[in-house]
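Using the hints, position chain V against chain B.
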Amino acid sequence: MSALYRKEFKSYFNNMTGWVVIAFLLFIAGIFVNAVNLNGKYPGFEVSLGSMGFVMMFVVPILTMRSLAEERATKTDQLLFSLPMSVTKMVLAKYFAMLSVFAIPLGIMALYPLFLLLYGSVNLITAYSALIGYFLLGAALIAIGLFVSSLTESIVISAVVTFGAMLLCNLMSGLANMVPNTSIASFIAFTIVIFVLGYLIYSMTKNYWLAFFCGCVAEAVLLGIYIFNRTAFVGSFADVMKWLSLFDRINTFIYSRMFDITSIVYYISVAALFVFLTSQSVDRRRWN
Amino acid sequence: MIQVRNLTKKYGPNTVVKGLTFTIEKGRIYGFLGPNGAGKTTTLNMLTGCLAPTEGEIIINGHDIYEEPEEAKRSIGYLPEQPPLYMDMTPYEYLCFVAEAKGVDRAEVDEAVRHVMEETHILEMAGRLIKNLSKGYRQRVGIAQAMLGNPDLIILDEPTVGLDPKQIIEIRELIARLGENHTVLLSSHILAEVSAICDYVMIISNGRLVAADTLENIRRSQIKENSVTVTARAPQDKIEEVLDKIDGIVKYDMTAVPSVDEVWDVVIDVDEGIDIRERLFTEFAAAGVPLRKLSSAEPSLEEVFLQLTSEDRAARGYDIFDEVLGSGTQTDADTEDEEADAFPGYDIGDGKDEENNGDDDFDDGGDEDDDYYVPMFRKTADEDEGDDEE
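So the sequence lines, in the order shown, correspond to chains B and V.
Residue numbering for the first sequence follows numbering that gives the first Met the number 0, starting at 0 and increasing by one per position.
Residue numbering for the second sequence follows numbering that gives the first Met the number 0, starting at 0 and increasing by one per position.
Here chain B stands alone, though its shape is the one from the complex (with noise of 0.2 Å):
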């Protein structure tokens, strides 16, 4: 796993990749920072770095198009199967190998802080919380990217749907303001959920049943909620999309100045969520 690990690291300054996004990053960062914190003689390192959730946007299809894409395209998945090495690890060295080439630019910018000190007093613990706060949705936006990546053959349709699932995070919050909030419309939408999720089993399992039935009980379960409590309803579906926004919870670093367990302990699940559901699909294409 560590000659995996040490190779990906490698091979993302083999070639533009890895410079691409510390470059990015530090360019970005240099011009939140010059803005709010030099021009703005504003101590608060975290407003600058909560300025840039927008840039995960553009950072994270670029590191993680190739990972698996890439592998699956050149056929060298085929050395990495006959090497003894289980799935899972192969999963963790190349998510492992993209979180250090993301915590180089992090670690630069855990400087600015430090520069900001020798002109006046800054919050160092508020502005290192965020930090850590920014490279956790880092983590669990990278783990999205490489389970898409694992998706397909082609780093391009990797680079655009990885793009598209940032954005879908970004406007996430935006989006619930929009959903409608009676009852009956969160019930439409989580109906609607069931089918998708339903497909989704099907596709995954191929079992027909199996599928009906997952699909059957949730919907039966809802129907019964939907009965007895139907207040819950209210304005329930915007509520779980709100509550799946990764970018949100950012803020609560930045702007509320707390170091958020739950937020924390919410980024990890997402990135062992996506690494696991990554294994199961690299491990599911040796099967069909």
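Derived pair list, reagent style DSS-like, types lysine-lysine, alpha-carbon separation capped at 25 Å: (1) B:Lys-74 - V:Lys-9; (2) B:Lys-88 - B:Lys-9; (3) B:Lys-74 - V:Lys-130.
No lab work stands behind these hints, which were simulated from the structure alone.
Just chain V now, kept in the frame of chain B:
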């Protein structure tokens, strides 16, 4: 060393590999032969853990590849059809990565990599990027990769495809050298290659193993006992006179041997089940006609391959051209075949259908016929096991 039992792979409704069973013993070079699309690559991918079989088991050095994959894979070096190379790396970096991933000690990586690079003659390319290497060199880097970690078994999937003749010869020599210290399983659809390097051949057709033995035995098994070739020195009418006395001859063709007077090659077709070789000898001797040569017709490797892989035709035991040209040589297998009896005149079309759709149920009859033609396959595999133990 490797035991494969009832290996089956289905892609949706298509069965690509149908119940392969074979054993690979230590210290030989195995050829895995079959026409394009026969299921060679699929089988090799399953052997190396790149693909999961639908049914069956693969045991490598006592470890099931799906239950203890890491232990099992340690015994295998695999070069897939397309060498799995990272274009942005140099061969040295790449091989170091593979060596470490295969669990070679960090301290010994450099030495191990140098050793395989020497063996495969790529030392002078060690520092170039793989994307700048020619196909021949890439192939060698791929083979070097498979050799790392000193696996017992090296599996090479069509290692000489797309190389020029000089490179092909070099790669073959390399494989022969590999065979001295490793067991090698080599897939190919090039007969000359297999006959040049391999000790033992497995022929696969339509996802089925149709023969597994040494080349010599396979060839011998395909000898048509009902055809004898004779070279005799006598006037044509005298030879005809002798032959007409012998019972059981269906027909014979005589061709004069060029530039020698009164020497004739005679190909004699005989009823199935009759060995007329000794009779021929005594009759020709009694007539005072000198025999220069007497042999059962021995097929070339190409003929054997075609016969085994176009299973329906082979199983029925008649040549498609005989049917088309109407030369009237009906062999016994034809008359034994119920299907052929039921649909006289449709045999050729039937055979093609069967070949194309590869339908399981439909092939059942063909199975028996395979056994008829290659009766020694499973038996000899067992015998070989016994031999090795001695």
